[in-house]
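> Now for the letters of each chain:
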Amino acid sequence: MAETTLTLNGQTVAFQPGQTILEVARGAGVEIPTLCWMKDTLPTGSCRVCVVEVEGARTLLPACATQAAANQVIMTESPRVAAARRMVLELALASGNHNCLICEANGECELQALAYRYQVPFPAFATPPDQPYYFEDNNSMIVRDFSKCIMCGRCVRGCCERQVNDAIAIGYRGSHNKIVAKADKTYIESDCVFCGECVQSCPVGALLDKNALGRGRAWERTPVRTTCPYCGVGCQLEVQVKDDRIVKISGADLEPNHGRLCVKGRFGWHYVHHPERLTTPLLRKNGELTPVSWEEALDFVAGRLKDLKEKYGPEQIGGWCSARITNEENYLMQKFMRAVIGTNHVDHCARL
Amino acid sequence: MTNSIGELEDAECILVIGSNTNENHPVVAARIKRAVRFRGANLIVADPRRQDLVKFAKLYLRQYPGTDIALINGMMHVIIRDNLYDAAYVAERTENFEALKQTVAAYTPERASQISGVPAADIEAAARLYAQARVASIVYCMGITQHTVGTDNVKTLANLAMLCGNVGVWGGGVNPLRGQNNVQGACDMGGLPNVFSGYQPVTDEAARKKMEAAWGVSSLPAWVGKTMTDMVPAIGAGEMKALYIIGENPALSDPDADHAIKAMQKLELLVVQDIFLTETGKLAHVVLPAATSYEKDGTFTNTERRVARVRRCVPPLPGCKPDWQIISELSTRMGYPMTYASPEEIFEEIRKVTPSYAGITYQRLEAGGIQWPCPTEEHPGTVFLHKDRFARGLGMFFPVEHKDPAEMPDADYPLYLTTGRLLYQYHTGTMSRRAPGLVEKAPECRVEMAAADAQRLGIADGDRVRVRSRRGEIIARAQISPKAVAGTVFIPFHFAEAAANKLTNAALDPVCRIPEYKVCAVQVQKA
Ligand code: SF4
Ligand code: SF4
Chain A
1 MAETTLTLNG QTVAFQPGQT ILEVARGAGV EIPTLCWMKD TLPTGSCRVC VVEVEGARTL
61 LPACATQAAA NQVIMTESPR VAAARRMVLE LALASGNHNC LICEANGECE LQALAYRYQV
121 PFPAFATPPD QPYYFEDNNS MIVRDFSKCI MCGRCVRGCC ERQVNDAIAI GYRGSHNKIV
181 AKADKTYIES DCVFCGECVQ SCPVGALLDK NALGRGRAWE RTPVRTTCPY CGVGCQLEVQ
241 VKDDRIVKIS GADLEPNHGR LCVKGRFGWH YVHHPERLTT PLLRKNGELT PVSWEEALDF
301 VAGRLKDLKE KYGPEQIGGW CSARITNEEN YLMQKFMRAV IGTNHVDHCA RL
Chain B
353 MTNSIGELED AECILVIGSN TNENHPVVAA RIKRAVRFRG ANLIVADPRR QDLVKFAKLY
413 LRQYPGTDIA LINGMMHVII RDNLYDAAYV AERTENFEAL KQTVAAYTPE RASQISGVPA
473 ADIEAAARLY AQARVASIVY CMGITQHTVG TDNVKTLANL AMLCGNVGVW GGGVNPLRGQ
533 NNVQGACDMG GLPNVFSGYQ PVTDEAARKK MEAAWGVSSL PAWVGKTMTD MVPAIGAGEM
593 KALYIIGENP ALSDPDADHA IKAMQKLELL VVQDIFLTET GKLAHVVLPA ATSYEKDGTF
653 TNTERRVARV RRCVPPLPGC KPDWQIISEL STRMGYPMTY ASPEEIFEEI RKVTPSYAGI
713 TYQRLEAGGI QWPCPTEEHP GTVFLHKDRF ARGLGMFFPV EHKDPAEMPD ADYPLYLTTG
773 RLLYQYHTGT MSRRAPGLVE KAPECRVEMA AADAQRLGIA DGDRVRVRSR RGEIIARAQI
833 SPKAVAGTVF IPFHFAEAAA NKLTNAALDP VCRIPEYKVC AVQVQKA
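Protein chains in written order, with our numbering: chain A, 1 to 352; chain B, 353 to 879.
What you were told as hints is all true, and nothing was included just to trick you.
Computed far set for chain B versus chain A, every beta-carbon distance over 10 Å:
1. ASP362
2. ASP434
3. ARG445
4. GLN454
5. GLU476
6. VAL487
7. HIS731
8. HIS738
9. ASP740
10. ASP762
11. ALA803
12. LYS835
13. ALA848
Stretch-level coverage of chain B by chain A, calculated; a stretch enters the list once three of its residues show a Cβ under 8 Å from a Cβ in chain A:
14. 528-536
15. 547-561
16. 574-581
17. 616-628
18. 651-665
19. 675-689
Hint data in this document are derived by calculation from the structure and do not stem from the laboratory.
All C-beta atoms in this analysis are idealised placements derived from N, C-alpha and C, irrespective of residue type, glycine included.
Please work from the sequences and hints to get the whole structure.
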């Protein structure tokens, strides 16, 4: 493809036709801030945080929705750009109840980070209106707090473009607009399938993982990357951990899911900390399963397996691997059955 | 899968058959729906249930349960008749085309329609959509394999893909979606009665010698073992005396579950290793508490052959041990010491004896998963299989004929029953039924039925109904749903209190021994 060049903050930069100014800048290592832009969705240019100054253009242009052109001269942080961004951010902050002190998103909020970067003072005209903001807490997975919503539309594009679940949209045009689930019902009454993409898309604290509320902010948690324990898609997870407990789970930006998850992967982890988990070996004594030590349980199993192998031969002993244990464990199990017991009666539930 | 999940967005046509992708593999469904919405791909959904993905389909084919072969053979009939197949590909890369041609000649759209219930015009249209796409993908799941003709179903899909030159190309392929997260890995690692890891046959002397040397043992058994579905009846008949089960719950998941429970009770030793006390654990002589995958290190292999890391996020609950430690300690006690210090050490051994995993290391996996075959550390992994040649050289057409399911509806049991999973639950519910959100969305078993059937039987939405088959009965609430099609009821198998597998038929596919979960005959009455 033909390469062309433009000037970015005084540097000559090559680009491919069809690229947006944002893409060219990111490729060149120049960070242009964004709010409404999101990977794998169509840019809307609606938040106007990414505006840049292009020589000869009458107005500032949104970098995410403007195609790069040959010989453009672009400034990404000129005083005019910074002033415009400050204004946009001030309006966003004034549009709701942005009290960072008690917000779940404190520390990972993109609006907060930009307000800091551009030193936007807390807007003097930000007083809560008479009308209370919409607040929804009638399901056990997602909380919607519209006192924080900045109408960037990312949740809608996450739902309709990244997941294609089509459960939410921007409703009520004009100044009354608001994110609505079908017929402006609550999530639980709507077509929402609780994939949680909208929560992961939200740059502020308007859509929240209910399980994580009050259980630690970004800097108090440790992220661990792992693989989903449910279906065979094998989505890559980022598990947020605090004090040896899972706080919440998000999708990692890797193959095969690139951030997406379904309801099971995101909200189905409670079994790990469940009080009914087995925590001691059980041995049947007088007909009853009775708690015993690991020593006793393993000695018993090893002894019985040896006896039965001697008495009936290895052909009368079987072992089942599992789709829910790791490769290493499956390998070890078949090795144990084949090399130690001497049987090929080894299988797992692939068929079921 | 022959191809990768990400490639689906580049397919021009996608045929989804026997897979309720939107509920069972939602993140794959997202890629399919994106292909339709943003890339203009033509989606064909063939399924006895009008599932959610149908909303995105150009064509919805509603075949009777167990008639996939007739449907696909009918499509191939049209493709060959109208010369829509990839003649160059067929000539260069395949063999036995004449036999296929002969077999499908008998499946005129009219005859295929008679067997499958799909209108002949739709079979013609589907054939054209699939064959005329530059590249087309086939996605299938248990709706194809859980039949007495499961193996033949898979062959017929492979025939269709090869006929149109869709195997070994980006965006194409024949793509089974694995139901449970590490089914692929369990197979790869030799969790099967006939092979060691990497599908090296136990009957092959060289493979045995290699394993004997690696493991420091002599005379590994050379006979092919029994599958799970054959072990259960063997136990029932007193031919097997001891069973060591990890992470499975046959008392709920087995076809004809009542029969499985009776068999388990005959064992002289039943050891169950799991994270909860399951229905099967309650029958055991010994129960060993294992750690969850969030509590240990290791790897899983997903449905597209991608090996990815499992990392310890939290320590094991006090009293539990990771499965690899339990097996090691047991082995040591039986006189064969296993002294692995970490899962990584086990993985290093796997690499040595498993050619397709040889190039994968924990170090490399830090950057993300790698798809096998990956023979060397320099190899990038394999995104799609059969690129320039098939494993056996030429791709072989295996023509297959339609056979009726083992059990068909009749006067006494007039409805088809098909079973499966819900979006909000997983397998026997051991994990998913402990998450408040999942329980909130899917609290109990519902018998999904069409309005027409319900009306005829005097059943209203939410009524308690008794579902009976030749093997057993369950009681659950009815759910009248637009997804159901008249004549077929659907029951999810997650719920112990209404275990769908009390009803299902244990009839097995003769080759791969998969039970026919997807079709049996039942009667439904108001309870
Ligand atoms: S949870 Fe998923 S389906 Fe529901 S509104 Fe959010 S993105 Fe859409
Ligand atoms: S998040 Fe959902 S789709 Fe992804 S692996 Fe887990 S269960 Fe499967």
